[in-house]
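Work out the full structure, taking the sequences as your base and the hints as a guide.
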Amino acid sequence: MDSAPLLDVQNITKRFQTADGVTTAVDGMSFSVAAGEFVSIIGPSGCGKSTVFNIIGGLVGDYEGRVSVAGDVVAGTHPAIGMVFQEESTFPWRNVLENVAFPLEIADVAKQERLEQAAHFVSMVGLRGFERHFPAELSGGMRQRVALARTLASKPKLLLMDEPFAALDEQTRLLLGDKVLQIQQALKQTTLLITHNLTEAVQLSDRVLVMTYRPGRLKRVVDIDLPHPRNSEVVSSDAFGHCVAQIWQDLREEASRGIQEDESRVLHAGAKR
Amino acid sequence: MVAPWARSQAGARLFGIASLVAAIALIESLIRVGVINRFIVPLPSQIIAALPRIISEENVLHRFWQTTQELLWASLLLAVVGIALGALLYRFRILRLACETWVGALAAAPIVLAYPLFLVLFGRSATTIVAIGFAAGLAPVILKTVEGLAATRHVLINVGRSFRLSPAQQFWKILLPSALPSVFVGLRLGLIFAMINIVGVEFLINFGGLGQLINELAERYDLPGTYGAICFVILTSIVFFDVTQRLERWLTPAA
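Residue numbers (the numbering used here), protein chains in the order written: chain A, 738 to 1010; chain B, 745 to 999.
Read the hints as simulated data drawn from the structure, not as lab findings.
Glycine included, every Cβ here is placed at the ideal spot set by N, Cα and C.
Don't take each hint at face value.
What the hints assert, rightly or not - Only part of the chain B face toward chain A is listed, based on derived beta-carbon distances under 7 Å:
| id | residue |
| --- | --- |
| 1 | A895 |
| 2 | T896 |
| 3 | V899 |
| 4 | R905 |
| 5 | S906 |
| 6 | R908 |
| 7 | P921 |
This is the structure we're talking about:
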């Protein structure tokens, strides 16, 4: 593994103006991701994970700190970063092959060549035979695989994923995790995954960054020393259980704090009325 | 429980035709027994019998083509100008806030009554008819275009941003394809308004295609001929509906 960081996040802070005043979503987060590494950011709901995703992806500006990828400071969306979103994001008017070929079409790759490349990525995510199907004809898991193949087709240096399997059932999620691991290992794809799912984070990652509940800060970094290559069978191992327990300790505190703060906010809002 | 034959497309078509035939037969019998006055509504059998006559003597095919041409031009203008204005209103929020209510009001306005103004502007010509048809159909195209563009899911726009699309690429590759189903609803509504107004103005200014023919036949109190000509108006409407449906299916194959 190359030790030079591909992604370097330095002291990022993001504040939002809300009806109750200024809210700090992310507060002074710093971390880096080395080339070829798979890192997950985990935290309770509302801790600012998606804000981190949007800042690194260049979808949100006006923040403090610095994000650089492959040495370039990120100011807006960056060609080295490919994003997979939490919501279903395939284009319903394009079939699977056309969806996956989309970034190549934007890059003006010749039609024949882009279709060949797209077919390669479709096959990589295990959707060979579905090239001419439209998203409406596919399951949620298949649609997310199309979105993943489309992002991979843009050949990003950093694959940035925001809870891509959040809407799927646990079994599908585990099996898709296998697929992501296979692809990541085959392409040596540097990946940053945002998730609130502990099993997913430990199953896939080399390192897990645990965030605090609002404002989002980096609470702890956990190295996952599970052997490679991995698949979903790893979840039944003792080592896996140990890693999960270790992270859950921190996550539990933050999730409890989040629930308490949410409850007291609702009570205060009710009292004001 | 629905019978299997009724679930098939051919079965549905057959049912539609059978319903039409049954309705015609009902009207025929109501007229024959005197429930409906035959001096106001002619017998459907008389209308059918009048069709060959109005085709050969009243040059109805030529008039049908004239009305179709006017509707074609109005449709083209509606598609180009209506979608462009809708996109403009979507793009500039201030413009949308300022104009959307007015455009909505335009949809309800009886534009056909302003035909003297159009006559002054364009003269007694096909241009007047096309202009009125266009003005009458414009509002729904604009409104449904704005609605379709505004309903584009934010995540799709973010996908475009993540691939660094230019504003023009965002529009052509994401916003417009996403809005197309709504745009076609607007176009179909616009076509209905345009069609009604085109035939109405042809009738009022006694110029052009099927509207003028209906006017002439009504003046002669040729009721079967008048109703026969109205059948051709309906035919024009069916043709245009079918064409837009095919176009929509071609442009949005996933729908």
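Hints versus structure:
no. : hint : in the structure
1   : A895 : violated, 13 Å
2   : T896 : violated, 11 Å
3   : V899 : holds, 4 Å
4   : R905 : holds, 5 Å
5   : S906 : holds, 4 Å
6   : R908 : holds, 5 Å
7   : P921 : holds, 5 Å
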